[in-house]
Amino acid sequence: MNERNDDLPDEELEAPPARWGSLWLLTFGPGIWAIHFLLCYVTAAVWCAKVAGRTGLLGDASLLVGLYTLVALVGIGLTGWRGYRQHRFGHADPPHDFDTAEDRYRFLGYSTLLLSGLSFVATLFVALSVVFIETCE
Amino acid sequence: MTDSATEPFDPDDRERQKAQEQRLRKPWEVPRGWRYWSAVNNSDVGLWYTTVAFVFFLFAGVLALLMRTQLAVPENDFLSADTYNQAFTLHGSVMMFLFGVPIFEAFSILILPQLLGARDLPFPRLSAYGFWCFVIGGIFVCGSIFFGAAPQGGWFMYPPLTTSYSEGIGPDVWLLGLSFIEIASLAAAVELIVGVLKTRPPGMRINLIPLYAWYILVVAVMILFAFPPLIAGDLLFEMERAFDWPFFDHTRGGDPLLWQHLFWIFGHPEVYIIFLPAIALVAMIVPTAAQRPIVGYGWIVLAAVGTGFISFGLWVHHMFTTGMPGISLAFFSAASEAVAIPTGVQIFCFLATALAGRFVKSVPTLFVSGALAIFVLGGLTGVMVAVAPFDFQAHDTYFVVAHLHYVLIGGMLFPVAAGIYYFYPLTNGKQMSERSGKWAFWLMFVGFNVAFLPMHFTGLLGMPRRVYTYPAGMGLDLLNLVSTVGAFVFAAGVLILLFEVVRPKKNEPYSPRNPWSAGTLEWLAKMPDESWGVRSIPLIKSRYPLWDQPNLMADVDAGRFYLPDAEEGQRETLITSTIDGRPMQCLRVPGPTFQTLWAAIFTGGAFIFPVYHLYLPALVCAVLAGFAILGWLWTGTAMIPEKPQKDVGLGLTLPLYASGPKSVGWWAMFITMIGDMSAFASLVFGYFFFWTVHDDFLPGPAAGPGLLWPAIAAGLGLGAWALTLLARHCNRRDQVLGFYLSLALAALLTVACSVALFAGPHLSGLDPTTHVYPATVWVLVLWTLLHLGAALIMLLYCVARRAAGRMTAEYDIDMQNVGLYWHFMAITLVVTVAVIGGFPRVA
Numbered sequence: 002m003n004e005r006n007d008d009l010p011d012e013e014l015e016a017p018p019a020r021w022g023s024l025w026l027l028t029f030g031p032g033i034w035a036i037h038f039l040l041c042y043v044t045a046a047v048w049c050a051k052v053a054g055r056t057g058l059l060g061d062a063s064l065l066v067g068l069y070t071l072v073a074l075v076g077i078g079l080t081g082w083r084g085y086r087q088h089r090f091g092h093a094d095p096p097h098d099f100d101t102a103e104d105r106y107r108f109l110g111y112s113t114l115l116l117s118g119l120s121f122v123a124t125l126f127v128a129l130s131v132v133f134i135e136t137c138e
Numbered sequence: 004m005t006d007s008a009t010e011p012f013d014p015d016d017r018e019r020q021k022a023q024e025q026r027l028r029k030p031w032e033v034p035r036g037w038r039y040w041s042a043v044n045n046s047d048v049g050l051w052y053t054t055v056a057f058v059f060f061l062f063a064g065v066l067a068l069l070m071r072t073q074l075a076v077p078e079n080d081f082l083s084a085d086t087y088n089q090a091f092t093l094h095g096s097v098m099m100f101l102f103g104v105p106i107f108e109a110f111s112i113l114i115l116p117q118l119l120g121a122r123d124l125p126f127p128r129l130s131a132y133g134f135w136c137f138v139i140g141g142i143f144v145c146g147s148i149f150f151g152a153a154p155q156g157g158w159f160m161y162p163p164l165t166t167s168y169s170e171g172i173g174p175d176v177w178l179l180g181l182s183f184i185e186i187a188s189l190a191a192a193v194e195l196i197v198g199v200l201k202t203r204p205p206g207m208r209i210n211l212i213p214l215y216a217w218y219i220l221v222v223a224v225m226i227l228f229a230f231p232p233l234i235a236g237d238l239l240f241e242m243e244r245a246f247d248w249p250f251f252d253h254t255r256g257g258d259p260l261l262w263q264h265l266f267w268i269f270g271h272p273e274v275y276i277i278f279l280p281a282i283a284l285v286a287m288i289v290p291t292a293a294q295r296p297i298v299g300y301g302w303i304v305l306a307a308v309g310t311g312f313i314s315f316g317l318w319v320h321h322m323f324t325t326g327m328p329g330i331s332l333a334f335f336s337a338a339s340e341a342v343a344i345p346t347g348v349q350i351f352c353f354l355a356t357a358l359a360g361r362f363v364k365s366v367p368t369l370f371v372s373g374a375l376a377i378f379v380l381g382g383l384t385g386v387m388v389a390v391a392p393f394d395f396q397a398h399d400t401y402f403v404v405a406h407l408h409y410v411l412i413g414g415m416l417f418p419v420a421a422g423i424y425y426f427y428p429l430t431n432g433k434q435m436s437e438r439s440g441k442w443a444f445w446l447m448f449v450g451f452n453v454a455f456l457p458m459h460f461t462g463l464l465g466m467p468r469r470v471y472t473y474p475a476g477m478g479l480d481l482l483n484l485v486s487t488v489g490a491f492v493f494a495a496g497v498l499i500l501l502f503e504v505v506r507p508k509k510n511e512p513y514s515p516r517n518p519w520s521a522g523t524l525e526w527l528a529k530m531p532d533e534s535w536g537v538r539s540i541p542l543i544k545s546r547y548p549l550w551d552q553p554n555l556m557a558d559v560d561a562g563r564f565y566l567p568d569a570e571e572g573q574r575e576t577l578i579t580s581t582i583d584g585r586p587m588q589c590l591r592v593p594g595p596t597f598q599t600l601w602a603a604i605f606t607g608g609a610f611i612f613p614v615y616h617l618y619l620p621a622l623v624c625a626v627l628a629g630f631a632i633l634g635w636l637w638t639g640t641a642m643i644p645e646k647p648q649k650d651v652g653l654g655l656t657l658p659l660y661a662s663g664p665k666s667v668g669w670w671a672m673f674i675t676m677i678g679d680m681s682a683f684a685s686l687v688f689g690y691f692f693f694w695t696v697h698d699d700f701l702p703g704p705a706a707g708p709g710l711l712w713p714a715i716a717a718g719l720g721l722g723a724w725a726l727t728l729l730a731r732h733c734n735r736r737d738q739v740l741g742f743y744l745s746l747a748l749a750a751l752l753t754v755a756c757s758v759a760l761f762a763g764p765h766l767s768g769l770d771p772t773t774h775v776y777p778a779t780v781w782v783l784v785l786w787t788l789l790h791l792g793a794a795l796i797m798l799l800y801c802v803a804r805r806a807a808g809r810m811t812a813e814y815d816i817d818m819q820n821v822g823l824y825w826h827f828m829a830i831t832l833v834v835t836v837a838v839i840g841g842f843p844r845v846a
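Going down the list, the protein sequences come from chains A and B. Using the working numbering, you'd call the opening residue of the first sequence number 2 and step up by one each time. Using the working numbering, you'd call the opening residue of the second sequence number 4 and step up by one each time.
I should point out that these hints are in silico values taken from the structure, not numbers from a laboratory. Watch out, some of these pointers could steer you wrong.
Label-pair distances were calculated between CB atoms; the ranges are [as the list claims (entries may be wrong)]:
no., chain 1, residue 1, chain 2, residue 2, range
1, B, Thr-325, A, Val-122, 25 to 35 Å
2, A, Leu-79, B, Asp-551, 33 to 43 Å
3, B, Thr-695, A, Val-122, 27 to 37 Å
4, B, Phe-246, A, Gly-57, 35 to 45 Å
5, A, Lys-51, B, Ala-747, 23 to 33 Å
6, B, Phe-393, A, Glu-135, 38 to 48 Å
7, B, Thr-325, A, Glu-135, 15 to 25 Å
8, B, Tyr-161, A, Leu-125, 52 to 62 Å
9, B, Thr-325, A, Val-75, 30 to 40 Å
10, A, Val-122, B, Glu-571, 46 to 56 Å
Straight line, CA to CA, 20 Å or less: simulated DMTMM-like cross-link-like pairs of lysine to aspartate or glutamate [claimed, not checked]:
no., chain 1, residue 1, chain 2, residue 2
11, B, Lys-544, A, Asp-61
12, B, Lys-364, B, Glu-437
13, B, Lys-509, B, Asp-532
14, A, Lys-51, B, Asp-699
15, B, Lys-649, B, Glu-24
16, A, Lys-51, B, Asp-698
17, B, Lys-21, B, Glu-570
18, B, Lys-529, B, Glu-78
19, B, Lys-665, A, Asp-98
20, B, Lys-665, B, Glu-571
21, B, Lys-433, B, Asp-532
22, B, Lys-29, B, Asp-770
23, B, Lys-544, A, Glu-103
24, A, Lys-51, A, Asp-61
25, B, Lys-21, B, Glu-32
These stretches of chain A come out as covered by chain B in the derived footprint (C-beta under 8 Å, 3 or more residues) [as the list claims (entries may be wrong)]:
no., region
26, 23-29
27, 32-40
28, 43-50
29, 94-105
Each residue gets a CB set at the ideal place from its N, CA and C atoms; glycine is no exception.
Let's have the full structure, built from the sequences with the hints guiding it.
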């Protein structure tokens with residue numbers, strides 16, 4: 002995206018052409034949440050089954066979950082930022098409901114931003130589990 | 004809005020329009036007499052589908068009333084324990100599989116094309132096939148109770164109850180009957196995804212699509228990931244029941260918990276698969292009632308997509324009491340709390356819309372208000388049971404019964420009732436009575452709460468669900484009696500609703516057009532409507548075109564938009580681009596046929612005969628189903644048009660044929676294979692689940708299928724894959740010899756690959772009945788072999804198509820789709836080989 006576009010009126014802006022990929026951006030935030038969730042679940046399951054035993058400490062598994070969370074939150078943050086930039090393209094506020102390529106572009110950015118927000122919170126929720134629970138029991 | 008009748012026309016124009024209408028009417032004509040049942044048009048199939056789903060709903064409702072009668076007083080003997088078990092199992096299974104999910108598919112097939120200003124969905128015959136599978140499977144499953152043969156294990160069929168402690172064929176009826184119906188769901192998912200993405204009217208960019216379409220898109224994608232794990236689970240389960248492969252038998256290394264995982268990976272998203280489309284109806288009704296655009300369109304998209312994702316991280320909250328590590332429970336508890344956020348967001352959006360506009364009171368809005376009230380209560384108890392320690396107490400008690408009914412009846416049945424009242428004029432041009440609607444609502448609303456509110460307390464007092472009776476004097480007597488009374492009041496409301504739907508309305512006047520003054524395209528329909536759907540496909544510039552685009556109705560009626568005519572006498576609709584709704588193709592959709600009915604009957608045979616261990620008739624049916632489907636594909640798909648392109652109106656000329664990623668068939672293949680991959684991933688999950696949970700799962704490399712044969716199979720299979728792609732390349736360049744040679748070689752390599760893959764476990768003497776390890780290896784091999792078999796048929800089909808002149812260098816849909824299939828085939832093969840041959844070496 003070109004930042005210099007921000008101050009131009011709509012008719013002089015040109016939104017990037019629609020690509021099939023544009024829709025995928027929506028799924029990045031929740032996709033990262035899903036991968037983070039699965040990794041946490043699998044790590045804890047394998048750790049408790051194969052390493053620490055049912056009465057063992059989570060120990061390094063908690064650290065791993067922390068690491069996943071950090072990476073996931075950065076990923077979601079970047080996706081959200083990208084969404085925000087798209088949403089702020091030119092001069093327009095939601096609901097982004099004009100039949101222009103620009104509003105379509107802004108709408109997808111706005112939805113990406115909102116989904117990233119939800120994914121951020123949901124990822125934190127999951128990560129908090131290892132703050133409160135320390136063993137495999 | 005202007006009515007077409009008030010538009011001044013010159014006589015020539017009127018004549019031209021009349022001629023157009025006549026030409027348009029011809030191909031869209033509904034078949035008459037007994038041939039009526041060969042119809043595939045969305046308005047007919049959608050109506051049948053909705054009706055049959057309601058019949059199943061009434062059936063399951065009657066079962067519920069029988070159960071409530073039995074529980075009205077303590078120590079009652081109205082139903083025997085056996086019958087009671089069958090009743091609650093079928094009640095749950097039918098409500099979920101034969102009503103909850105199908106009703107949304109049915110509704111969507113009925114109204115989605117209208118909402119999108121399309122003439123039909125892209126694969127009408129697939130919808131018809133799905134419908135017939137649904138009817139046959141549904142009758143089979145429901146009918147079993149009349150022979151005392153219905154399943155008794157509850158709608159989630161937990162082993163070992165259903166393996167070691169169930170006599171008779173009940174579990175097989177459930178497993179095979181419902182697997183068969185899941186085909187219908189997957190077919191609908193393919194249809195609806197492609198429908199939403201590709202059959203929108205020109206100009207309807209992704210930021211303008213009706214919210215209903217957003218929800219349907221999300222839900223259809225969820226089906227692709229949620230139903231296949233259950234199909235995989237059904238496969239393992241039936242292999243255990245029919246052939247003694249011990250997937251869930253702990254004495255031979257199996258684990259009943261795997262079923263619970265696979266079932267709930269399906270089962271929890273399923274709740275949202277049922278809920279989201281119903282809430283989508285609310286998202287259509289509320290703006291109309293408020294006479295203003297929805298508040299927070301983007302937020303609702305967030306809610307739909309967000310719920311779709313997070314609902315896949317909740318499945319273990321049905322398994323909190325199975326003894327999994329606390330940390331695992333915590334992850335799922337956290338996700339279960341998180342899903343309340345998007346769920347709440349959409350409800351706030353609806354409330355905000357209602358408050359911001361002038362909320363017109365009507366029967367649909369009454370049902371919507373009731374739905375929100377009930378659903379919010381169910382959602383709150385949901386947040387309670389998502390907290391693991393609370394769930395430990397409430398698990399398997401009537402508290403959960405109360406919770407799930409509040410969620411499903413509030414989140415689904417009431418919105419559906421609202422939808423029936425709201426959309427009824429679209430089906431026959433008449434409106435339902437306001438008075439009886441109010442009666443129905445109040446009886447249902449009051450009856451529901453009287454029936455289910457006390458169940459929270461019966462549950463907290465300790466009454467377990469699924470018991471056929473209870474002793475007197477435990478404090479449960481009055482609460483149960485009240486619940487029973489409530490259930491009958493509720494049923495009275497449903498009866499009134501039903502009577503109002505079926506009551507003949509011949510003498511009543513037709514409803515005015517757009518009776519609710521709605522803003523979305525489905526209300527372009529004439530009362531009564533023509534079977535072509537929309538007179539001409541409009542150019543869309545707004546989320547609520549009927550409100551914002553002046554003169555739209557008149558222009559549509561006058562045929563001033565796209566495809567106002569059917570010069571060639573064919574059924575046609577527009578295909579547009581995914582994001583911006585640019586017109587890309589004029590798609591010819593097939594007309595009435597009995598082929599899909601035959602295909603469904605034979606597919607049904609292939610699923611139903613094995614219930615009685617009649618494997619030969621099942622095999623014959625499977626082969627016949629294969630031929631029926633091939634015949635259907637041969638005569639009805641990828642037809643070469645008589646000319647490359649046509650004028651679709653407004654000076655636009657579009658191609659009549661597109662292949663590769665531009666064709667809807669390619670998308671259907673892609674979507675189907677995503678679903679296929681998620682079933683395969685579930686089987687692989689099973690392998691690693693056993694490895695994680697049981698230390699003795701892997702018997703050591705020597706006892707496995709070895710690396711040699713699987714590796715040879717992978718080499719041969721990848722060779723076949725490369726040759727298929729080469730054949731596609733040769734076909735495109737019209738290199739006929741190269742095309743035939745590479746396909747013939749690919750076919751040979753496919754056969755050789757299958758033999759080599761089979762040889763691995765066969766030559767190493769793996770017996771699937773001895774232990775879960777050989778069974779798991781065999782099931783992965785069998786899955787891959789089945790896919791190789793399908794791949795071989797596809798290769799030969801392409802040879803035949805080209806030889807018959809039905810596929811050319813330019814018109815190559817078949818070859819493109821087979822090439823796409825082979826990408827997924829290669830992934831399946833490589834993963835199978837890596838898991839069965841490679842993993843034992845690295846583990």
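Go through the numbered hints given earlier and state which of them the structure violates, listing their numbers in rising order.
5, 6, 8, 11, 18, 19, 20, 22
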